[in-house]
Amino acid sequence: MFAVKGLKKTFGNNTVLKSIDMQVDKGKVIAILGPSGSGKTTLLRCLNALEIPDEGIVGFEDHQVDFSQKVKQQSLIQLRRKSGMVFQSYNLFPHRTVLENIMEGPVQVQKRDKKTVREEAIELLDKVGLKDKKDLYPYQLSGGQQQRVGIARALAIKPELMLFDEPTSALDPELIGEVLRVMRDLADEGWTMVVVTHEIKFAQEIADEVIFIDGGVIVEQGAPAEVLSNPKEERTQRFLHRILNPTD
Amino acid sequence: MLTNNMVLGGIVIPWELMQQSFWPILIEGIKVTIPLTLISFFIGMIIALITALVRISKIKPLKWIFNIYVSAIRGTPLLVQLFIIFYLLPELNVTLDPYPTAIIAFSLNVGAYASEIIRASILSVPKGQWEAGYTIGMSYRKTLFRVILPQALRVSVPPLSNSFIGLVKETSLASQILVTELFRKSQQIGATNLDQIVYIYILAAFIYWIICFILSLAQHQLERRLDRYTVR
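Protein chains in written order, with the working numbering: chain P, 401 to 648; chain V, 9 to 240.
FYI, nobody ran anything at the bench for these hints, they're computed from the structure. Among the hints, erroneous ones may be present.
Listed below are the simulated SDA-like cross-link pairs for lysine to any residue, each with C-alpha atoms no more than 20 Å apart in a straight line [unchecked claim]: (1) V:K135 to P:Y539; (2) P:K534 to V:R236; (3) P:K472 to V:I67; (4) P:K470 to V:I173; (5) P:K472 to V:Y148; (6) P:K428 to P:I606; (7) V:K71 to V:I54; (8) V:K135 to P:I477; (9) P:K601 to P:E626; (10) V:K135 to V:Y121; (11) V:K39 to V:T151; (12) V:K135 to P:L444; (13) P:K470 to V:K66; (14) P:K511 to V:S147; (15) P:K531 to P:V517.
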C-alpha cells in the first residue's frame, strides 16, 4: 500500500539516511526503533515530506513522489493529505479549541460540510475519551489529553496511513498509558500505522513488524518476536540491553 | 491680571491663557493629529504585512527591494524623510496638500518599522505549527493565514501598540511641512503670547499625554481580549 525505495537524506555533510527501503502493507503496524541520532525520526518525517529526501521514491500505490527529480509543491501536498501525523510535542493550534483543532483539516482543506464534520469530530473525541473537553483550549489540557486530541486531529482527515513520531516521549510516565491505549485501539480497528517509539513493550504487543535502524540504515527488521526477543545483530542486542537495563 | 494667574513658589502660571488655549489645541488634536495617526498607521500596517511576508518568502528580487526599503527608512531620520517627500512630489509634478503628503511619509515610516515587528512575530511561532498545518494538508498560504498569522499577531500587539503610540507623537513633525496639527496650533498660539510660550508647550505636552494614556488603556483591553487562549 505504501512503500519507500532507495531513500537518501543528508544534512550538510551528515548523511542521515543511507538507502532505506521499506514497505507498509494495509492494516499493518510498523514500529521503528533505534538509538538517538539513528535517523528514525528523519525517516518518519520523509514519509510525509516534512523533510525532503535527496533521493528515493516515497508514496502510495496511486501517488508516488520521486525525489531524485524536481518535485512540485502540489505533489507534496497530495502526499501529505493521505497521511496523518502525530507529533512528539503535540503541536495543537493554541488559538483554537479542541473541536476547532480537529475540524480545521476537514473543513478548511477538504472543504467538507461543517455540520457533518462536527459530528464526526465529536465521535473522534469520544473515541479518544475527551468528548467533554471539546470547547477547551489546548493549554487547559494535560499532555496526555493534548496528545489524544493530536491523534483525533490526524484521524479527522481520514488518512490512509497514520504516522507517530515518538508520541509518548514528552509525557509524564503516568500519562503514557492513556495515549498508548488509544493507539492500541487504532491498531485493533485496522489502521495502517508507522510508529517511531521507545516503548519496547508497546512494540512487542502491538506491532506486526519492527524495524531497527542505526547509522541511517535498517540493521534488522522482522516480527517483534524475532527482532525484540531474539535479535541477530549485535547492534540491536546492545540497544535493547541499554533500554531494558538503563543502569547497567 | 494677577487674579487669573496662579503663583507657585515665585513662578507665575498664566492659568487663564492655558484654559483659553486648551480647547483650540485639543480640537486640532482631535481633528488633525488623531486622524493623521490612524490613517497613517492603517496604511502602514498594510505595507508592513506585505513587507514582512515578502521578506520571509523566497522571492529573491522582490525581497531585495523590500530589504532596501526597510534599511533606508530605518537608517534615516523621519524629519528628513518628511522633507524629501514634501519637496520630491512637486519635482515629479505631483501636487499634494501637506496633509496627504504627511500621510505618505508616516505610512512609509511606520510600515518599515512595523514590518520588522511582524516579521519577528511570524518567526517566533514554533516550526511545529507550520508542520501541523502541512500535515493536515494545508498549503503554505493556508498555513500562514489560518495557523501562523493569528498567533503572530497576538505576539505583535504590544510592540505594535508601542509603534502606534510613538506615531501619535511623531505626527508633531508634520508641523514642519505646514500641517496645522496639535503642535503647530500650539506654536501659533505661542507666537502671540511669547512671554508665556513655555506654558503653551506644557499644555500641548499634557494633551499628547492624555491621548497616549487613553491609547495605552485601549491596548491593555485588547491584550486581555486576545489572552483568552493563553495561560494566565
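For each hint, the structure was consulted:
Restraint check for V:K135 and P:Y539: satisfied, since their Cα atoms lie roughly 18 Å apart, inside the 20 Å limit. This hinted pair checks out: P:K534 and V:R236 have alpha carbons roughly 16 Å apart, not beyond 20 Å. The straight-line distance between the Cα atoms of P:K472 and V:I67 is roughly 17 Å, inside the 20 Å bound, and the hint therefore holds. For the given pair, P:K470 sits about 49 Å from V:I173 by alpha-carbon distance, which is inconsistent with the 20 Å threshold.
With a C-alpha separation of about 13 Å, the suggested pairing of P:K472 with V:Y148 holds against the 20 Å cut-off. Distance check on the hinted pair: P:K428 and P:I606 sit about 10 Å apart at the alpha-carbon level, within 20 Å; holds. With a CA separation close to 17 Å, the supplied pair V:K71 and V:I54 stays within the 20 Å bound. For the hint pairing V:K135 with P:I477, the CA-to-CA distance comes to about 17 Å; that is within 20 Å, so the pair holds.
Between P:K601 and P:E626 the CA atoms are separated by roughly 14 Å; this keeps the pair inside 20 Å, and the hint holds. At most 20 Å may separate the alpha-carbon atoms for a hinted pair to count; V:K135 and V:Y121 exceed this at roughly 24 Å. Between V:K39 and V:T151 the alpha-carbon distance is near 41 Å, which puts this suggested pair outside the 20 Å criterion. With a C-alpha separation of about 17 Å, the suggested pairing of V:K135 with P:L444 holds against the 20 Å cut-off.
Restraint check: the Cα-Cα separation between P:K470 and V:K66 comes to about 17 Å, which is no more than 20 Å; the hinted pair holds. About 14 Å separates the Cα atoms of P:K511 and V:S147, which keeps this hinted pair within 20 Å; it holds. For the given pair, P:K531 sits about 15 Å from P:V517 by alpha-carbon distance, which is consistent with the 20 Å threshold.
Violated hints for the displayed structure, listed by number in ascending order: 4, 10 and 11.
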